[in-house]
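Student: Per the UniProt record's numbering, the very first residue in the sequence shown carries number 1; after that it's consecutive.
Keep in mind the hints are simulated off the structure, nothing from the lab.
For clarity, every value in this text was computed on a predicted model and none was experimentally measured.
Quick reminder that beta carbons are idealized off the backbone N, C-alpha and C, glycines included.
Mixed in with the good hints there might be a few duds.
[To be verified] 16 Å max Cα-Cα, derived EDC-like pairs, lysine to aspartate or glutamate: (1) LYS111 / ASP53; (2) LYS111 / ASP137; (3) LYS400 / ASP431; (4) LYS198 / GLU126; (5) LYS664 / GLU627.
[Stated by the list, open to error] Simulated DEER-style distance windows between Cβ atoms: (6) ALA325 / ASN587: 43 to 53 Å; (7) ARG546 / GLU244: 17 to 27 Å; (8) ALA550 / ASP155: 30 to 40 Å; (9) ASP351 / ASN161: 43 to 53 Å; (10) ASP431 / GLY648: 23 to 33 Å; (11) THR89 / THR318: 38 to 48 Å; (12) ARG303 / GLY125: 23 to 33 Å; (13) PRO537 / GLU618: 46 to 56 Å; (14) TYR164 / ALA325: 19 to 29 Å; (15) PRO144 / GLY307: 54 to 64 Å; (16) THR653 / GLU244: 48 to 58 Å; (17) ASP351 / ILE311: 19 to 29 Å; (18) THR348 / GLN160: 36 to 46 Å; (19) GLY125 / THR88: 30 to 40 Å.
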Amino acid sequence: MHSTQHPSCPPGSALPPGVALHRPERRGPNGNARLPIGDAAGWRIAQAIAVLDESATPGRVAALLEAEESAIRPVLGRLSAAGLIDATTTRFHPSEFRERVLRHTAVDARKRLSHRAAGLLHLDGESPRTVAGLLLDAGYARYPWASAVLLAAADDAMLQNQIYRAVQCLTLAYRISLHAADRADISARMLSIEWQVKPSPTTRAYLRTTAAARAGLLDERMLRFLVRYALWHGQVDDAQVALEALERSASTDEVAFFHAWLAYTHPDLATSGRREIEPARDTGAAASADRQAATVLSAITAREPIGHIAIAAQELLTGHRLNPATVEPLATAIDGLVHAERLDLAQTWCDVLLAEANARSAPTWQSVFAGLRAEVSLRRGDLTAAEHYAQRALNQVAAKNLGTWVGSPVATLIRTLTAAGRYREAQTQLDRAVPPPMFASRFGLRYLHARGHLHLATHRFDDAIEDFRTCGELMQRWQLDLPVVVPWRNDMAQAYSAMGDQDNARTYARLHISHLGRADAHRTGGVSLRLLAAAGPQQDRLVLLRESEAIARVHDDQLEIALLLQDLADTYQRMGQSDRARALHRNADRLARRCGVKPLSGSAATEEPPVSVRSSAEIRSALSPAELRVATLAADGERNRDIADQLGITTSTVEQHLTRVFRKLHVGSRSELRFAMRTDDLLS
């Protein structure tokens, strides 16, 4: 009687009775290709071939089994004759034969064979990817070189977009590493992958990495990453620990960009002050992405000519592909293009980077670039696209894990819904939980800006002014008083104009132009001119609106153009040119619909709350006689000073009356007031 266990077989490698390996092309009498019962040597060699897989050769099979190659060749011949392996490649064909052998091999035996095979292939110079695969199959590693191989394999897996395999390699590497510094490095690597796929401040990797930072075990590169990651999640204390460890960092490209990014995004934490940044002299692949990004940020904050900023941003974008080390620099380049008013280029590059992030299966990256794409669309006046991409940014990652970054896409969505008159939906976004540290970041500025505009649209004027004033105070304190971040002076002008305080409206609009240097220096300068036209004398209105329109058309701001056409139509109507006014109204409404906004003319300009025509009795009942006199003159287009002269009261009294009128009649502007009071016996 023959034994099913070869004398030198490891335990668990005996041939299971009756294991059938189907080979359709070469069926035996019973339809199966099958190892002969009792062929322990054949089964043992089959196991070795199955473990080695594509790396199998006769020599390696023999070495793995600690046998002579000449001794196993007859067995290989039998396996080939049975239709189990290809004699030329020493591999199973088809692959299902291999799967059956592995399935019928005892777990411990398979692990031992895999571990031994890993050592053998490492000595033969096989790739870290192949060797690491065997170590993962084994589930353990007792070789001094194993950790380095696993880390190299993890890097390779990330390049191949095999995130799960990278995590497996890092997990095993952490388990077998004996030194605390090595384990700290591995934890930080794991954290980097988590940020790409599923960011969270409660994972084991995050807790291990922050503990390593407190123990002084992280190198400068990982400390900088931890600062960014901790601030993403609003974990300011953890960020402070890493920042303290970085205080004595040497000046490198990475350090230069890190400090520029910190001052631009989380200014209160940039305690070391702004470092002098030497502009990047190399371009394209020869230049560091960090150095180029630092140059872009330096140019933005120093208010250099927008042409310089656009060139620096373009060089960065064309010279570097998306990867974990370039996400922040590339996002910075998009910011640079937005600042330089190259919204066409910014949109194109957002689409390119969003496609790359999608191909890399990186939800967090997709959220970042979708959020930027939404902002660009909003600035171009495309509300439909802005809403789509803002929602996409918010849906890529669980809301609780978007951290302080959530302020950016939420702000864009609130602004978009507000501009479209969908105030209840915008209010719903304000109900979304946001981390308090967000308000100490650039993302908090955008959130306050958006919230202020919703307050303004829903006639909560004091709340709107408070939000806009807070933006201005923070931006000045942080040395970030840039129109591309938040044009808060224009916002204040708009709020005061809605309240009927045209003097303050003009003051803030002029302050914004003064801050720019000239109105055509930035898209928002055109908005200032439109606000001045609305708040100024009738005779100046047409010239200001035409200047504003020219700026809006240069910057391709479709929604702003629609608003300007509406104001021009109102102006021509007042001048008695009804035909021209009607044509402009039609163009404004057509453009507004294309932007995703309801028609601007008449009561369709707003959805919530509706502006309705009231009867004269209702208006007389709602307003005091003094308020009614002021409201009638204001609705007829008179300035506050002229109203004061006609009624023999002060300008301040006029403003107080108008504030109460706006609140009582639920209107937000003089054009709405005129429509609300359009009755025969009040306005002729």
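Student: Out of the numbered hints, which ones does the structure contradict?
Tutor: Of the numbered hints, 4, 7, 8, 9, 10, 12, 13, 18 and 19 do not hold.
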